[in-house]
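*Asks:* Residue strings, one per chain:
2 protein chains.
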Amino acid sequence: MSNRRLVIGIDAMGGDHAPENELLGAYQALEQLDKRNCSIRFFGQENVIRQSAEKLNIPLERFSIHHADETVTMHDEPSSIVKKKRTSSMYLGIEQVRVKETDAFVSAGNTGAMMATGTVVLGRIKGVSRPTIGTFFPTITGTPTLLTDAGANVDCKARHLLEFAIMGSIYYSEVTGIEKPTVGLLNVGEEPTKGNEAVLETYPLLQESGLNFIGNVEGRDIMTGDVHVVVCDGFTGNIVLKFAESIITVLRGKIGGYAERSTWNKIKVATALPTLRSVLKDMDYQQYGGVPLLGVNGTVIIGHGKSTPVAIKNMLIRAADVAEANISGKIETFLAKRSEH
Amino acid sequence: MSNRRLVIGIDAMGGDHAPENELLGAYQALEQLDKRNCSIRFFGQENVIRQSAEKLNIPLERFSIHHADETVTMHDEPSSIVKKKRTSSMYLGIEQVRVKETDAFVSAGNTGAMMATGTVVLGRIKGVSRPTIGTFFPTITGTPTLLTDAGANVDCKARHLLEFAIMGSIYYSEVTGIEKPTVGLLNVGEEPTKGNEAVLETYPLLQESGLNFIGNVEGRDIMTGDVHVVVCDGFTGNIVLKFAESIITVLRGKIGGYAERSTWNKIKVATALPTLRSVLKDMDYQQYGGVPLLGVNGTVIIGHGKSTPVAIKNMLIRAADVAEANISGKIETFLAKRSEH
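Chains as they are written, first to last, in the working numbering: chain A, 1 to 341; chain B, 1 to 341.
This is chain A alone, in the form it adopts within the complex (with noise of 0.2 angstroms):
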C-alpha cells in the first residue's frame, strides 16, 4: 500500500448504544491508529455525535465528521437502505469507501442491512458469487479458528462454499500471519462419503483448489485449533456461533445458580470466581472485534449490536488491518490466477 494516511470510517448510530459507545471505542483506538498512520471519521448526525462527546469528555479535534441526516435501524429491512435510505449514516459510509474518500467502513448496526448495502454498493469481487462473512473463535491452543460463512447465506452450493474456503483463507493468512492456513470442511463425520449434498459435492472442489485442505472436521474441531479455516453455510454457521456466544451467559447463569443454594456455595464461587474470568478471557466475543464482508470491492466491517466500546475499538484496528493488507485485491488476483487454469 502507499504511504498515504489511511482513513477508517465508523457508523457513529450504529450500535444498540449508539453514539456512545462508538465515541468510547473510538477515543481508545485512536492513539494506536494514529501511530500506524491511520484516522478515524465518524458518520451520523453531527449535532447528535458533538453533544454526545460533550456529555464523555471526548475531545473531537482528532476525528473528522461526515454528517448524515438518517439513521438505519434494526427494523430497516436491509434489501431497502439503497433505495430508501442513502442519506443513512450507513450508506453514506459504504458509498465513501466505493468513491475512495475513505479506507474502510465499519458499522455495529443492522447486520443484513451491511451486508446487503455493501454488495450492493461496492459490488463483488470478480469471481465471487456470494460475499461472505467470517468470525474468529478462541481455541485451547490460543491460535483463532475462522468460521466461514456465519450467516451471510442460509442455503448454499458447492461453489459458494468453495469460494468461502478461497476468501477465508486469504483473510486468516493475512491477519494472522500464518502462509499456508489449514482448511477443513464441516461434517457430522471425517470420511469424505459423510454429509449432506452440499458438502459431499464441495469435498472433491476443496482436493483441487490449491488450498491446505485438511478434510471433514466436526464440530468437536473448532475450538481445538488443530484447524484454521473451517468452511460451512451460513445456516450452520450462524446457528454455532450463536450458540457459542451463549456459553458464557449460560456458565454464569449456572455459576449464581450454584451460588444462591448456601452461603457456603456463595464463598466457594466467590473464591473461584477471578480465577475463572482470567481463564476464560480470551474466550470474550468482543475481543475480536467485528468481521469483514468478504468478496466486495472495498473494506467493511461488521460489529454485533451490542459492541462494547472495546469491541468499537477492536473493530476499527481490525478494519486497519483489512484495508492495509488490501485482502480485497489478493482475493481478486487469487481468484483471476484460478480462472486463467
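The set of hints was computed from the structure by calculation and includes no laboratory data.
You may find that some hints are simply not true.
Since copy identity is lost for identical chains, a pair holds within one copy or between any two.
When the alpha-carbon atoms are kept at most 27 angstroms apart in a straight line, the in silico DSS-like pairs for lysine-lysine are as follows [to be verified]: (1) LYS194 to LYS83; (2) LYS126 to LYS266; (3) LYS157 to LYS194; (4) LYS194 to LYS281; (5) LYS306 to LYS281; (6) LYS157 to LYS337; (7) LYS55 to LYS157; (8) LYS281 to LYS266; (9) LYS242 to LYS157; (10) LYS337 to LYS83; (11) LYS100 to LYS281; (12) LYS242 to LYS194; (13) LYS194 to LYS306; (14) LYS84 to LYS194; (15) LYS242 to LYS281; (16) LYS268 to LYS281; (17) LYS100 to LYS330.
Got chain A sorted already, so can you dock chain B onto it with the hints?
*Replies:* Same frame as chain A, now just chain B:
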C-alpha cells in the same frame, strides 16, 4: 403397560470399553431396575462376558445372557449389518425386540449401524418417513432441552422436520412429565421470514401441527431453558451437539494452560476447580445416558462409544423409561389421529 417383568437388552460388545463398562454399568443399574420390575439381558460372546465379569468380580446370577458369535465394529458399514452380521450382538439384540422377547435394546456401539439396523429390522411406525435421534442439552434453569434431529438425517425436507417435532414432543413429555412441551424451530433469526428453504416451509406446518409451537429459536436459545424441544436437520444438530460436547474439554484445556503459567496460577486453579466441577456437574453429557431412535416399532437406545459405566447405567434406565411409557405406541396413535383429519 402390563405388570409383566420388562427385559432390557444390552449390547455387551458395544462401546470402546466393552464389555467392562457394559458390565459395570449394568451392575450399577441392577437394583434400581429390579425395583421397577425390569431385568437385564446381555447380548454378546458368552465366554468373553463371563471372563470379564469374573475379573471385575460381578456376579452374573441376576442377569441373563444371549450368546452372539459376532461383534459389530466401528468400521462396519451401517447398512451391511442386516445382510452380513446376523449373528452379531447388535443384530440379535434388535431382532429380539422385534419378536418381543425383550422390551428394549441399548448399545454404545456403531451409531450408524444401530440406526440402520433398528430401522430395517423393527420397521418405521406408520406415518413416519424418517426415524430420528434426539439428544438432551443441559440448561441454565435445569429443565433440559431436547434437540432433534441430532444426526440421523443430514438432508431434511419440511415434512421430516415436522415429524421430528411430533416425535420429540411426545418423547419429551413422557420423559419429563411436562404435558405440552414448547417446540422451537432452530433458525438464524426469530422472524418467520428468515431461514433456509427447509425451515421456511416448516414454519407453517408447525403452526398447524397442534403442537405447542413457539416460533423460531436461535443457537443462543438452546441452553437457556426457555424452549423444551428444538427442531433442526441432522446436519446442523450433529454439528451443534459435537460442538457442545467439546466445551468441557476446551474449558479443561484452557484451565490447564492457565495453571501452567505460574505456581500462583496453579494454586488459584486448585482452589477454584472443585467449585467449577460442582457447578458444571449437570453439563456432563454422560448424565443423560443414550438417546432413543424415535419412529421405529420398538425401543432402541443408542449410546456414545466412550460411554462410562455411569452413562451405561443411565442408558439402561432411560431404556426402561421409554419402554414403560410405550413411546412408540404413543407416536403411532398421534400420527394416526392426524391422518384422520
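*Asks:* Hint by hint, work out which the structure violates, then give me just those numbers in ascending order.
*Replies:* 2, 4, 7, 10 and 11
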